[in-house]
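Number of protein chains: 2
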Amino acid sequence: MKRPYNFSAGPAALPQEVLEQAAAEMLDWHGSGMSVMEMSHRGREFMSIRDQAETDLRELLDVPSHYHVLFMQGGGIAENAIVPLNLSRGGTVDFVVTGGWSAKSYKEAKRYCRARVAASSEADGYTRIPAQWQLSERPSYVHVCTNETIHGVEFQELPDLKALGCDAPLVIDCSSHIASRPIDWSRVGLAFAGAQKNIGPAGLTLVIVREDLVGHALEICPSAFDYKTVAENHSMYNTPPTYAIYTAGLVFQWLKRQGGVAEMERRARAKAELLYGYIDASGWYVNKVDPTCRSRMNVPFFLPDDRLNEAFLAGAKERGLLQLKGHKSVGGMRASIYNAMPLEGVQALVDYMREFAARHG
Amino acid sequence: MKRPYNFSAGPAALPQEVLEQAAAEMLDWHGSGMSVMEMSHRGREFMSIRDQAETDLRELLDVPSHYHVLFMQGGGIAENAIVPLNLSRGGTVDFVVTGGWSAKSYKEAKRYCRARVAASSEADGYTRIPAQWQLSERPSYVHVCTNETIHGVEFQELPDLKALGCDAPLVIDCSSHIASRPIDWSRVGLAFAGAQKNIGPAGLTLVIVREDLVGHALEICPSAFDYKTVAENHSMYNTPPTYAIYTAGLVFQWLKRQGGVAEMERRARAKAELLYGYIDASGWYVNKVDPTCRSRMNVPFFLPDDRLNEAFLAGAKERGLLQLKGHKSVGGMRASIYNAMPLEGVQALVDYMREFAARHG
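First to last, the protein sequences are chains B and C. If you use the numbering used here, the first sequence corresponds to residues 1025 to 1385, in order. If you use the numbering used here, the second sequence corresponds to residues 1025 to 1385, in order.
In isolation and in its complexed conformation, chain B is listed as follows:
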């Protein structure tokens, strides 16, 4: 069966092998007689699934042992509150605003701390990462979104706060490019990621946090979202999203079989070069982001005339190229080309784009 290519920004395409395995095991996981959905989260079977998922994730991302791996609920939007509830200590927090997601994080944090914009590229329409950062004297932490899903802006290297004279921990929202490139943990205090882009189904949020940052939650932090409580209970304080953890675990196994994050990065480079290369060469389609910080995962692009958008989307769908419509705040098109998107899918998109441009150009 030939499946269409799904360019959704999230929830997003999953590897076909993962879906096939999930379907095959749906009524009986490993001879247990139960679906994973039906297992007590505290039973031996599910505990082994959870433990394996954590082990594989630690291996894939090379997570140091003094970081907790937490499986939570609520997605990036809930973490916009949960991070300051846990890490701000009611003090000052610096935000580098590079697109819609970091702007949202900044706004939400204001409920819990003195949130400051240390740098912003809003005036440039979020097409680059600002060069000059005005960090506070002693912020509780510094927040960046390392891949802006909506605007298609990605940090090609993590900021080195120490080199900027800042001792505060760096918090990264890496929802939409986690597991597509290595993470330099020496620069990161906390990383969070909604699962529904590169990891698995919606409803699971990964939080990877350095041990010393845990245990300082504000009193108003709900127990279910207090990292200390979550860590002490191995993500079992509230019933975790068991089936989403299981599916994410299947994705981790798939990633390992493919060659891990290094191989994913190699493929991401190849896919991004193919698509941006064509867009720039076309002289017809436009991506507005500074080439030094273009996202390898989310590629927004525009046709010369918005009145062609509907025809473009309809023709794409006919060819099995799905969910290419841009985010409503930006318009145009967006191709999300996460780990599960093969190079052939990007090639099929480029072929279609070339054909469409020739017919309408």
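These aren't lab readings, by the way, just hints derived from the structure by calculation. Hints may be right or wrong, so weigh each one.
One copy or any two copies: either way a pair holds, since identical chains are not told apart in the list.
[As the list claims (entries may be wrong)] Dumping the calculated EDC-like pairs for lysine to aspartate or glutamate here, alpha-carbon to alpha-carbon at most 16 Å:
no., residue 1, residue 2
1, K1131, E1256
2, K1128, E1297
3, K1280, E1368
4, K1026, E1083
5, K1128, E1379
6, K1341, E1069
7, K1131, E1243
8, K1341, D1375
9, K1134, D1304
10, K1131, E1146
11, K1026, D1052
12, K1341, E1083
13, K1134, E1289
14, K1352, D1330
15, K1186, E1049
16, K1252, E1049
17, K1026, E1368
18, K1341, E1379
Please read these numbers as outputs of a predicted model, since none were measured by experiment.
Fit chain C to the supplied structure of chain B, relying on the hints for placement.
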């Protein structure tokens, strides 16, 4: 294929037909070429799934049109914070404590309001519903857990606060018996339920709330958990747990095919009568709960000697009777017999109990 009978308290057994349909549709939902897991939550396909789930749930539970139906994340434990964040207005809230879950709700609410115990059966080991309630003058709301999963205590009728001279809205945590009996909405301001017992997979929480109670959240309430924000965005403010909503929707369709909540209640009565009837008649097994408030969903029971527990569980597993171990805070055994448990499963359990008692009695 004969599947074992799974008595887990949650995550719990699902109807086999639901699992079969989920497996069959895993790689291609209704010719879309996508798994439900891969669909944008804002796309036409998933919106139709969400809308159908809400329509079916409203029909099944006869939810009046002036109540919002919200699909959220975090489970009952997160709602223990989210409800007071939304409804307490920082005032006084009364709790009727009838077991482990309402005790936990009371404790968590103290972060956000003046939480009071209006009545408690703790001194009776949570074996009954207290008769005398000392309600406050003007509480923001009154909280009860209408089925205590751990202690096996169930309200056979919802409290009528107006008859008690109280105008406050009633909040019910009905996680572990939702859809097993009708809800008298004239007595209820808000109902919440983690999905992982009677509805679907873990990671989805249903909140059904009267419209006038929404819009009064404390400023410290995270946006993702502000009922007003959730309602205005049709549960799409943060990415919802799409696959869990889909699975719950399959359960709702199954419930409708079975004859709806009235039929579920008839079956629940029959299953509970069979199991409690045998326990009481056995003179060997014991359930300590006052017969007027025994749960039809969760049946804790004890063997005369705890040293027999391991042998009981091992023999049960051999016969395909799974996850019968009692909650660690209570000990003994617990049979959870939710909607997806057929009468034959309860009969198989009773047959085994009889055999075990004859051998060890």
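For this session: Pop the pair K1186 and E1049 into one bin, within, between, both or neither, using alpha-carbon distances up to 16 Å.
Result: neither (48 Å within a copy, 50 Å between copies)
- 16 Å Cα threshold - placement of D1052 relative to K1026: Between. Shortest inter-copy distance 11 Å satisfies the 16 Å Cα cut-off; intra-copy 27 Å does not.
First find the shortest C-alpha distance between K1128 and E1379 inside one copy, then the shortest across copies, and answer within, between, both or neither for a cut-off of 16 Å. Neither: 38 Å inside a copy, 62 Å across copies.
| message | My question is about K1026 and E1083: at a cut-off of 16 Å on alpha-carbon distance, are they close within one copy, between copies, both, or neither? | response | neither (32 Å within a copy, 38 Å between copies)
16 Å Cα threshold - placement of E1083 relative to K1341: For K1341 and E1083, the Cα distance exceeds 16 Å both inside one copy (38 Å) and across copies (35 Å).
- Task: Go through the copies and call it for K1134 and E1289: within, between, both or neither, with a Cα cutoff of 16 Å.
- Result: Answer is neither; intra-copy 35 Å and inter-copy 48 Å both fail.
Item to complete: Using 16 Å as the alpha carbon limit, work out where K1280 and E1368 are close: within a copy, between copies, both or neither.
Response: Neither: 21 Å inside a copy, 44 Å across copies.
ask   = From the Cα coordinates, with 16 Å as the cut-off, is the pair K1252 and E1049 best called within, between, both, or neither?
value = The answer is neither: 34 Å in one copy and 39 Å across copies each exceed 16 Å.
First find the shortest C-alpha distance between K1128 and E1297 inside one copy, then the shortest across copies, and answer within, between, both or neither for a cut-off of 16 Å. neither (30 Å within a copy, 54 Å between copies)
Practice task
Tell me, please, which holds for K1131 and E1243 at an alpha-carbon limit of 16 Å: within, between, both or neither?
Solution key: For K1131 and E1243, the Cα distance is within 16 Å only across copies (13 Å; inside one copy 21 Å).
For this session: Please work out whether the CA atoms of K1341 and D1375 approach to 16 Å or closer within one copy, between two copies, in both situations, or in neither?
Result: Within. Shortest intra-copy distance 14 Å satisfies the 16 Å Cα cut-off; inter-copy 57 Å does not.
task: Classify it for me, K1134 with D1304: is the Cα-Cα distance of at most 16 Å met within a copy, between copies, both or neither?
output: For K1134 and D1304, neither the intra-copy (39 Å) nor the inter-copy (58 Å) Cα distance is at most 16 Å.
Comparing the model with each numbered hint stated earlier shows that hints 1, 2, 3, 4, 5, 9, 12, 13, 15, 16 do not hold.
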